[in-house]
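Here is how the chains run, residue by residue.
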Amino acid sequence: MHDLTPITAFGLAEPTVFVTQSCQLAERPRIALASVAARLGVDEACRAVITDLLRADAPDPAAWLASDIYSAFWMGPDQWMFSADFPDVEDIVARLKTSFGETASITEQTDGWVSFDLTGEVEAVLELVCSVDMRTRSAGYASRVSIHHTGCFLLIEASDRVRVYAPRASAGSVFHGISQAMTSAAAR
Amino acid sequence: MRYSGFKVIKEALTGHKGWRPAWRDPEPQSHYDIVIIGGGGHGLATAHYLAKIFGQKRIAVLEKGWIGGGNVGRNTTIIRSNYLLDGNEPFYEFSLKLWEGLEQDLNYNAMVSQRGIMNLIHSDAQRDAYIRRGNAMILNGADAEYMDADQIRKEYPFLNFDDARFPIKGGLAQRRGGTVRHDAVAWGYARSADSHGVDILQNCEVTGFRIENGKCLGVETSRGFIGAGRVGCAVAGSSGRLMSKAGMRLPIESHVLQAFVSEGLKPILPGVITFGAGHFYVSQSDKGGLVFGGDIDGYNSYAQRGNLPVVEDVCEGGMALMPMIGRARLLRMWGGIMDMSMDGSPIIDRTHIDGLYFNGGWCYGGFKATPASGYAFAHLLARDIPHPTATAYRFDRFETGHMIDEKGMGNQPNLH
Amino acid sequence: MIINHPLLGPRDSAEFTYLGDASLLNRPDPDTATPKDWHDYAYLRDNPAGLHRELWFHEGGDRSWLVVTRNTVTHEITKVELARDVARGLASDVAGMGTKRSGG
Amino acid sequence: MADHGTNHGTHHRTHGQINRLSGGQIDRNKPLSFTFDGKTFQGYHGDTLASALLANGVRLMGRSFKYHRPRGPLTAGSEEPNAIVALRSGAYQEPNTRATTAELFDGLEATSQNRWPSLAFDAMAINDRFSNFLTAGFYYKTFMWPAAFWEKIYEPIIRKAAGLGALTGSADPDVYDKGFRHCDLLVVGAGPSGLMAARTAAEAGFEVIIADEDFRFGGRLNSEHEFIGDQAGADWAASQVAHLGTFSNVRVMSRTTVIGTFDHGIYGAVERVTDHLRTSAEGQPRQILWRIYAKHTVLCAGATERPIAFNNNDRPGVMLAGAMRSYANRWGVSAARDAVIFTSNDDGHRTAADLHRQGVAIAAVVDTRADAPSAHEYAVIAGTTVTDTRGRLGLNAVQVTDATGHSRWLKAGSLGVSGGWNPNVHLTSHQGARPVWNDALNAFVPSPSLPPHMSVAGAAAGMLSTHGALHSGVDAACKALEIDPRTLPALPKADDRPVTQSAFWCVQGSERAWLDQQNDVTVKDVKLSHQEGFRAVEHLKRYTTLGMATDQGKTSNMGGLAVMAELTGQPIADVGTTMFRPPYTPTAIGVLAGRSRGKDFHPVRLTPSHYWAKERGAVFVEVGNWLRAQWFPIEGETHWRQSVDREVLATRSSVGVCDCTTLGKIDVQGTDAAVFLNKVYCNGFAKLAVGRTRYGLMLREDGIAMDDGTAARLAEDHFVVTTTTANAGKVYQHMEFVRQCLCPDLDVQLISTTESWAQYAIAGPNARALLQKVVDAEFDISNDAFPFMACGAITVCGGLRARLFRISFSGELAFELAVPARYGDAMMRRLMDEGEEFNVTPYGTEALGVMRIEKGHAAGNELNGTTTAQNLGLGRMVSKAKDSIGSKLSERVGLNTEDGLRLVGLRPLNPKDKITAGGHVMSAEGPVNAAHDQGYVTSAAYSPTLGNMIGLAFIKSGSERIGDRMRLVSPLTKTSVEVEVVSPHFVDPEGERQRA
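These protein sequences, in sequence, are chains A, B, C and D. So the first sequence is numbered by the working numbering: it starts at 307 and just counts up by one. So the second sequence is numbered by the working numbering: it starts at 80 and just counts up by one. So the third sequence is numbered by the working numbering: it starts at -19 and just counts up by one. So the fourth sequence is numbered by the working numbering: it starts at 4 and just counts up by one.
Because the hints were derived from the structure by calculation, they are not lab data. Watch out, some of these pointers could steer you wrong.
[Unchecked claim] Covered by chain D, per the in silico footprint, the following chain A stretches (three or more residues, Cβ under 8 angstroms):
hint	stretch
1	310 to 323
2	350 to 362
3	414 to 426
4	473 to 484
Glycine included, each C-beta is placed from N, C-alpha and C at the ideal position.
Excised from the complex, chain A in its bound form (with noise of 0.2 angstroms):
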């Protein structure tokens, strides 16, 4: 075992989290993620393999869904991106080729990007952020969105509940972006 400490993309030891009166936003760490990209020609052998793993067909576009073990949101065309709370997050790769093997590739995302819990009156938080619509979008909804300028993935689990994965360079900008439109909506 490696005996090097990590740090969340704030520079501490222990996740951030904002609060106001409506909403809350907590820095999630520890979450393990990996791209799965189809091979060509292999695409429905991958797609086998990824209902193995979730018990269900492959996401749909604009669409995310969880087992027990791994969660997964489409990323793009036969791409998907698999996420799972490893003690070790080290894992995830490796578990996924032994059970891929040559139907896809994929990529260790773990540290590209941070996760954010945003919960409450999320509605009048999103809509000063991103162009999602709550009104219209369920539990299952994933998507790219872009957040102060930052390509980032928005996943829908409930009304009152989505997870944000923003890049993990500029997780602080949009962090405060989001903190920003939590204190706007609980002024108004």
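Starting from the known structure of chain A, arrange chains B, C and D on it as the hints suggest.
Chains B, C and D only, in chain A's frame:
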């Protein structure tokens, strides 16, 4: 009729009865020596110089709507000659010199105002590039001045020096740059051309070219066929549409560029400023409006209107650079069709069709080029050889690899 | 503008970046093309006032390249396809079809 | 609480709402104190600044632009040209604000504009005396001699007179938000038609947004004395708003102006959140720009009353008759205790009746129509016109002239003018559709070719009766949303009087009759414009400035068109109309920018070692959106050069570490990965062995160098490609283009991993020694096992997965070590700890730049988008054995000339001389000008290794000029030095160090 202060006073005292139309409204003749298609700034300037400088007779300018209604009537009025490349700088410097004598040449006050233009620098690489550019300008006989951040702060104290995401590190100034009352440029050239016998034919749309045996004999128009010895096309954003009638495909795409003006404000901005870390440039008009713009919308369009993302992008740049303008109000926005070329530089050249000449590809820089473009096009039309400052503006430069690419963006017009 | 993405449905065009005429899909055959073919491919455009087939990249989305058929006068969008599908169609077209130009 | 610069010190009460009538939708239990030009007044909650000032007997509120004529409000809405003031003070001062829409709040502070020394006495009013000289376009005809005088004398005078209000020069202290909303139906305007459209859609279950610029919904219903069913119109409107409030699928947005129609159903709307408040809460936006995505839109924007032009029709006290009615009915205010009404239609009579009911004396109703209806309560003078007015700072008399030319003066402090109503078609024409002339209404109505999915209802569609408005609102919603109208309840009874409008624009013989009141465009100016040939609508507008003022011509364009039509003998429809463009009303630039200003202009990207570098006192620099450590000053260093020189020398003599995470990293996988890279790089990649890295040059299709980087082959089907920091996004997009559009049948997958890995360059003779202390023992990184350009997956510090690349930008023995980003901080600290024995030195982007220049590596300054592989001295890299992007067009003759630019090095002959990046290179002898230009310096640096400045330059035939003496000039920075052309590889040209 000569315009003068004396004339204005005389007319004021006699009920303004003596003013005559600034240009005639003649019927088209069946044949002209030279027909210019496009009654915009470039077309009218071409006619003026053809008649006045190159001694040509029997000239007509054909305009499908009303003159000055294209980009000369919808730009942000900036003149400058701060170009980098040898193919461009002498031409734009020639243009600036023509601007400097324009009012006397035309007997029309187009309000050429050399209040200076400043390109701001925000990074070391940008500084290196601007120093190279400033040197190229000076080596070509133009003026350029390097300013450090402190000097800029003295002249423009309201710029964001203390809270900037991309701090101002310096600037390249051209004091001879400035602004011109854009509509008056079209009117001044039209009035002068008309006084030299040029027929300005409004509401005369070209619907086709008559081409026989590789030679252009004239144009079909909404007012009938008009024969011509030579036909010069100067229709900017409509270049693709027009030249397709002659069977030509061009190294040009038409894009929309939006421009903006604020409500009138007391003078606060002395010169033209260009933000180097965002898409924003601004000047203040003699009426007090902040005239500003930014990037093109980025997609092919003939619609003369743009969309919100670019409006926001420009205003973001404005607020980042000059946070005092937050409470000023945007009064009007509009769009012009830009003839974006494949290397960001124009074309003034013969076509492969005898007697058919082309002037276009001005991107969003056509206004400042108006006098030199007209002069150089007149030179080409009258003498059949390019003007010395415009020799690089050839069609075949893309075949030979002699692109004139100021921004280094390659064959993608919306990036120039 | 709103682009009706074939997989994702309506998306704001601000999420996309624009490249230009979809004829850029028709890259000349390196074995047979003449210098003029390369010049025409890289530099000449129909630039129509009307229907225009053009390439957009969904940078703020699924990273698909799309072929969008849009009217350059009204901005109306009449067709949106995945560029990859179009490109595959071109590749499998019989000879000659692949070099057909777009636009109206 | 933020202080909005309002006046809240004075609570000296003034009594004197001498023109306050009874009634109105104001709260008399909430008196509000405010100041205008320093004088304190009182109004009520529900007032606008204009209504409150009028109540206090103040008619004079502004001065016109050109002639500085005294002006009072013409209207009661956002179309106001005259009553324009500055609101608040200090940095919060807001110029050019309409008193007619500014909501009164306690402590409001307003100041008049464009006058000196005071509003009542304005020295610049002298212009009015010279108006005969200052006609339309006079400035184009004069100020030309002598040439130099224009800019030195004339223009400064003109400029000084420019503008109405002033900016303070201070940063806007407010914050603004931007947001997105989506709906099935957007209803623009909450008058009778808008309320019905919204209600109809709401009850059918659709997502509805209804927006109105006013703070009170109801539109004209708030201004009229009329009934809907058995309710007063204003009460009915309030009950409808309350009803809409019960629906969760309805969003009611008051104080929200829909400013523009954009493509495909996107609307811009500005909500004014705190403009009506004295102060705002911390973090509360002043305004919000909403981008509303509407599947359907019903435009219910109402109509704007149009004036009639007659001599001196611009005095304070002259108003649109409908505005007078608004003041009387909605605010319980009149401009004076007596009034004359001048009308060409029945609507003027409505004003007379309402004013009379409120106790205002009606001196007469002057009706242009010979068959004008009569009234019991007041005199109607049929077939007459108003021909002149009197009153220096406010109206006191009106001249009335009958058909025979007989004139008389009527005393009155207010004059209501009604020329009929123009539908507010603006949003229908934002996409280019021109409104069409309607003969029955004598007005322009919306074009039949509306923007897709938009319909128009109510007065905006020309339905000028309340009954028509209610019905058309319902109809529009039903049609848009396919609601069956038979399912709907019957509508209440409403005013259904037929509305006719005559075409009466201008009283015969008028000259000094204002069309555009703010810009001082008179009938005479339009005549002059016509006389000089500026007859096209756009020429008229541009020549006279008609309609170019802050009111955007809402009350003036029609009159100008009509006068021009009369002069040319054409019907108005043939003269045409000018285009309406966004925004519908002038919009604060701040709200269009939102939060993207100051430090939040762009997002910030931080490297994994950022917090560590900050601790070390690093100086940071913006590189795109990244913040990178530029250098790391240590104690005693006072100049950046000291730090940079030290970092370079320490690296070259022992070992240095630099965070190079910002380089783009693209993961390329698939069985065809090598084939694919062979296509995008001009040099070959097919045969690159697993475990090896290769430098690659990417060309654009036009043959110009686009980017360079490395590709490391981690497995047969797996590469990691690096790009320059600046081009990471662009290269990824390009590679996706090649993958999806040009090579759709290759098995290759791409994904960016830039931020996943913290990547550190470890460079210098002790680089290996340092690395060996952190790389786990099972990985042999000796020169034999891990030679120059090797790469591989390793573990460090006891099992952390990592990647190691033996590549060198500095020219030293160097490695790049990548670890998962969250361990980047710890990894850097570990390298510093373990490197202590080697005096390990962190270095920043400056030292990185110095070392790459010393080594002659091209970077962004050299890859400037115009340079070819040949220019860079890499011509041989372009493989002829295969096709790659750009290879064919790179062969063009112009890109391959004998005397083409080549990358060389420059050193000053005098070691103390400066090499200036951006300097131009000339022959040693001969003229210095553009014609003799030999090239330019792309990059320059002081080389602590060599002890003098060095530069990289592109010089014509450069590779044949090594050893030549040349001159480097930079006239811009006033330097000229002698230089020697040398190899660009200043340090270790044989590359022995990096292979060590």
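Each hint tested on the structure:
no., hint, verdict
1, 310 to 323, "holds (count 7)"
2, 350 to 362, "violated (count 0)"
3, 414 to 426, "holds (count 6)"
4, 473 to 484, "holds (count 9)"
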